[in-house]
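Number of protein chains: 2
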Amino acid sequence: MVKFADRILKIPDDPLNEIMKLSSDKEIISFSLGSPSKEAYPVEFIINATNKLLTQNPESMLSYGLQEGYIPLRKNFIEHIANKRNINASLENVLITTGATQGIELVSQILIQDGDVVLVESPTFFAALPVFKKYGATVIPVKMDRDGIDLNDLETKLIKHNPKLLYIIPTFQNPTGITLSKKRRIAICELTYKYKTVLLEDDPYYDLRFLGEPVLPIKSHDKYENVIYLSSFSKILAPGLRVGVIVANKEIIEKLVLAKSGADTNTSLLSQGICSEFLESGFYESHLAEIFPLYLNRLNKMVECIEEFFPEHIQFIKPEGGLFVWLGLPKEINTQTLLEISSQIYKVSYVPGSIFFINQSECNNYIRLNYSSNDESTIELGMKRLGMVFKDYISGLSF
Amino acid sequence: MVKFADRILKIPDDPLNEIMKLSSDKEIISFSLGSPSKEAYPVEFIINATNKLLTQNPESMLSYGLQEGYIPLRKNFIEHIANKRNINASLENVLITTGATQGIELVSQILIQDGDVVLVESPTFFAALPVFKKYGATVIPVKMDRDGIDLNDLETKLIKHNPKLLYIIPTFQNPTGITLSKKRRIAICELTYKYKTVLLEDDPYYDLRFLGEPVLPIKSHDKYENVIYLSSFSKILAPGLRVGVIVANKEIIEKLVLAKSGADTNTSLLSQGICSEFLESGFYESHLAEIFPLYLNRLNKMVECIEEFFPEHIQFIKPEGGLFVWLGLPKEINTQTLLEISSQIYKVSYVPGSIFFINQSECNNYIRLNYSSNDESTIELGMKRLGMVFKDYISGLSF
Numbered sequence: 001m002v003k004f005a006d007r008i009l010k011i012p013d014d015p016l017n018e019i020m021k022l023s024s025d026k027e028i029i030s031f032s033l034g035s036p037s038k039e040a041y042p043v044e045f046i047i048n049a050t051n052k053l054l055t056q057n058p059e060s061m062l063s064y065g066l067q068e069g070y071i072p073l074r075k076n077f078i079e080h081i082a083n084k085r086n087i088n089a090s091l092e093n094v095l096i097t098t099g100a101t102q103g104i105e106l107v108s109q110i111l112i113q114d115g116d117v118v119l120v121e122s123p124t125f126f127a128a129l130p131v132f133k134k135y136g137a138t139v140i141p142v143k144m145d146r147d148g149i150d151l152n153d154l155e156t157k158l159i160k161h162n163p164k165l166l167y168i169i170p171t172f173q174n175p176t177g178i179t180l181s182k183k184r185r186i187a188i189c190e191l192t193y194k195y196k197t198v199l200l201e202d203d204p205y206y207d208l209r210f211l212g213e214p215v216l217p218i219k220s221h222d223k224y225e226n227v228i229y230l231s232s233f234s235k236i237l238a239p240g241l242r243v244g245v246i247v248a249n250k251e252i253i254e255k256l257v258l259a260k261s262g263a264d265t266n267t268s269l270l271s272q273g274i275c276s277e278f279l280e281s282g283f284y285e286s287h288l289a290e291i292f293p294l295y296l297n298r299l300n301k302m303v304e305c306i307e308e309f310f311p312e313h314i315q316f317i318k319p320e321g322g323l324f325v326w327l328g329l330p331k332e333i334n335t336q337t338l339l340e341i342s343s344q345i346y347k348v349s350y351v352p353g354s355i356f357f358i359n360q361s362e363c364n365n366y367i368r369l370n371y372s373s374n375d376e377s378t379i380e381l382g383m384k385r386l387g388m389v390f391k392d393y394i395s396g397l398s399f
Numbered sequence: 001m002v003k004f005a006d007r008i009l010k011i012p013d014d015p016l017n018e019i020m021k022l023s024s025d026k027e028i029i030s031f032s033l034g035s036p037s038k039e040a041y042p043v044e045f046i047i048n049a050t051n052k053l054l055t056q057n058p059e060s061m062l063s064y065g066l067q068e069g070y071i072p073l074r075k076n077f078i079e080h081i082a083n084k085r086n087i088n089a090s091l092e093n094v095l096i097t098t099g100a101t102q103g104i105e106l107v108s109q110i111l112i113q114d115g116d117v118v119l120v121e122s123p124t125f126f127a128a129l130p131v132f133k134k135y136g137a138t139v140i141p142v143k144m145d146r147d148g149i150d151l152n153d154l155e156t157k158l159i160k161h162n163p164k165l166l167y168i169i170p171t172f173q174n175p176t177g178i179t180l181s182k183k184r185r186i187a188i189c190e191l192t193y194k195y196k197t198v199l200l201e202d203d204p205y206y207d208l209r210f211l212g213e214p215v216l217p218i219k220s221h222d223k224y225e226n227v228i229y230l231s232s233f234s235k236i237l238a239p240g241l242r243v244g245v246i247v248a249n250k251e252i253i254e255k256l257v258l259a260k261s262g263a264d265t266n267t268s269l270l271s272q273g274i275c276s277e278f279l280e281s282g283f284y285e286s287h288l289a290e291i292f293p294l295y296l297n298r299l300n301k302m303v304e305c306i307e308e309f310f311p312e313h314i315q316f317i318k319p320e321g322g323l324f325v326w327l328g329l330p331k332e333i334n335t336q337t338l339l340e341i342s343s344q345i346y347k348v349s350y351v352p353g354s355i356f357f358i359n360q361s362e363c364n365n366y367i368r369l370n371y372s373s374n375d376e377s378t379i380e381l382g383m384k385r386l387g388m389v390f391k392d393y394i395s396g397l398s399f
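So the sequence lines, in the order shown, correspond to chains A and B. Position 125, counted from 1, in the first sequence is what the numbering used here calls 125; the numbers after and before it change by one each time, with no gaps. Position 36, counted from 1, in the second sequence is what the numbering used here calls 36; the numbers after and before it change by one each time, with no gaps.
Hint data in this document are derived by calculation from the structure and do not stem from the laboratory. One or more hints might be untrue.
Computed cross-link-like contacts, DSS-like style, restricted to lysine-lysine with a CA-CA straight-line distance of at most 30 Å [as the list claims (entries may be wrong)]:
no., chain 1, residue 1, chain 2, residue 2
1, B, Lys384, A, Lys133
2, A, Lys391, A, Lys21
3, A, Lys196, B, Lys196
4, B, Lys347, B, Lys384
5, A, Lys21, A, Lys384
6, B, Lys347, A, Lys133
7, A, Lys194, B, Lys3
Computed from a predicted model, the values in this text were never measured in an experiment.
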């Protein structure tokens, strides 16, 4: 009976919610998540940090805070994260958000209006798409190859669509795991500036590199102050805390602060305090050192299992970090329609590739697998099951 | 150089931010806040609850959570808050938000579009206004008297403007402290239903009643499921945690969940866990019992000081609860222009009344004073200073 606003009617039901429901049975081995390993949560550190913060500084933790964010966290972010990534930032360039999710939301609020075009990599992080659409954007995909977004296709679409925003995940891209080359990063800075398109760089996985050499963020090459940079504590510390960071030029941050004020006043101070301690104590670095072997072993195990249990003619690139393996299966397999059988009968779940595309009927033969959230023996068991799903399907069994 | 979206250009600089800056000098006694007493924060309880939650249930606290909110908190809210207020709700009617601020934001996102009208009490909570406007609303004020919103003026405006939403704070209204009578609450349910206007009831102060008899929320009379109810942990437990609650019909909650998903995925789990423990342990009730004498003494002290130190011909109603005293000063006093002198020379600050009105040039002679956040001797000193500001102004001194 209620007449809802058009903007919310544009949002389809959250596809991940459905997938999560399909994975809720405890017997199901889920490769659907995008979280750190639960065994890797530094629980003791968080307990100690909380006790310290609430004992030494209860008022700062429990009262209203600055909309821009807790000053010690912003300072520690600049010193321990931004500086190490060659990103030039001072306090007025840094806004703390309630997860990087809120970063995408606030940037959309201040930039997008009806009729604007947003360019995204194809495939891309599915949860960003309804947010762009909610604020009136038409979302247009740009091709990728094994080195990331395709510059020719990008320039063609910058010219053709005069987009407001380019949304890009250059490092360990979600879902493909691909890292954009340095050369393309520099070129993209020039291109987006030339065509007056703001670049939104979403970079939650940067420090999750287990192999190869780091490639500095696009923001580190941003001489025009045209890049809005999103960082997150969800993929390394804990997503439940809901802390993200935006780095951008002062004018943009000022508008984001106005949007933040209406959105939730400020991010949970206790969460911000914990993240600040995480950086300041140096525990961030030692935590990374601790989780790397764990994650690398899991990644290696998953890759081994693909080779051992999966059908032939699988396409995939072993990622150098991040949380996901992206897999192309033989064309005849529709991973969207197979998901229900896979979860309910074979007791293993994944994210079907189609949800990462604007045109969801494309690329039905892809899947995204998370390797961080199960131990090696569970990975082996789950991958064996998943291999059976696909092999049984190909051989025409049980379908 | 960036072309911002029209919606964000509609938002003026946050007036409270300016006021906070004017109060940042430690020598200034601030009556500007809307927070609980800092001495009343139950720090030990929060430390113990955090330790318990992180020790017993670290995964639930640190992983991604349900967009709808942490189930134990939603259950405890129903049992310990909703039921006691005669509000009928089951799990599917309850959504946890990042403060009640986010409640206003999400409701606006799903309901308001360009050209819609939102009715508000005049005066009203200033921070809600830019949010309604951001999503395209024209905001129209409805008169109030000493019993709350004026039903005749309301009906006239319901007929004339066919509004999408009526936003109302019926209990210890911000800024006036007025509580709407039961009779009017029932009538408003009928009126808004009749004219197909959704009623947004913002009720953060309900349990902060030190005097008189409780008046049940409008939501308790909502036989048409037309009321969206906002509750908050900010005014009783701690605003820094950023936890609010929305109660509404299932259809509305489903849309709100879609908006919440893009907004910040879920509210900080640690914050939600602490609030859940606060209710489940029974500490909520004993905390109220502990703060009531503290708050009542402060309220009484402030009222005494008004009578002792302020000029004659002051209009005010002693509130029975909430956090504020609302004061009408002699007409010749412009509290907006006096604020700078008051803070910088007399070292006392308040919130000028004009910011609570749609037409901000009206009612320049009002101020809102918070009585919860200073102890009695500080209240006395601050009120003495404030009395001098007004008396000096009237007698033409130092201006």
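Hint by hint, which ones does this structure get wrong, listed from lowest number up?
1, 3 and 6
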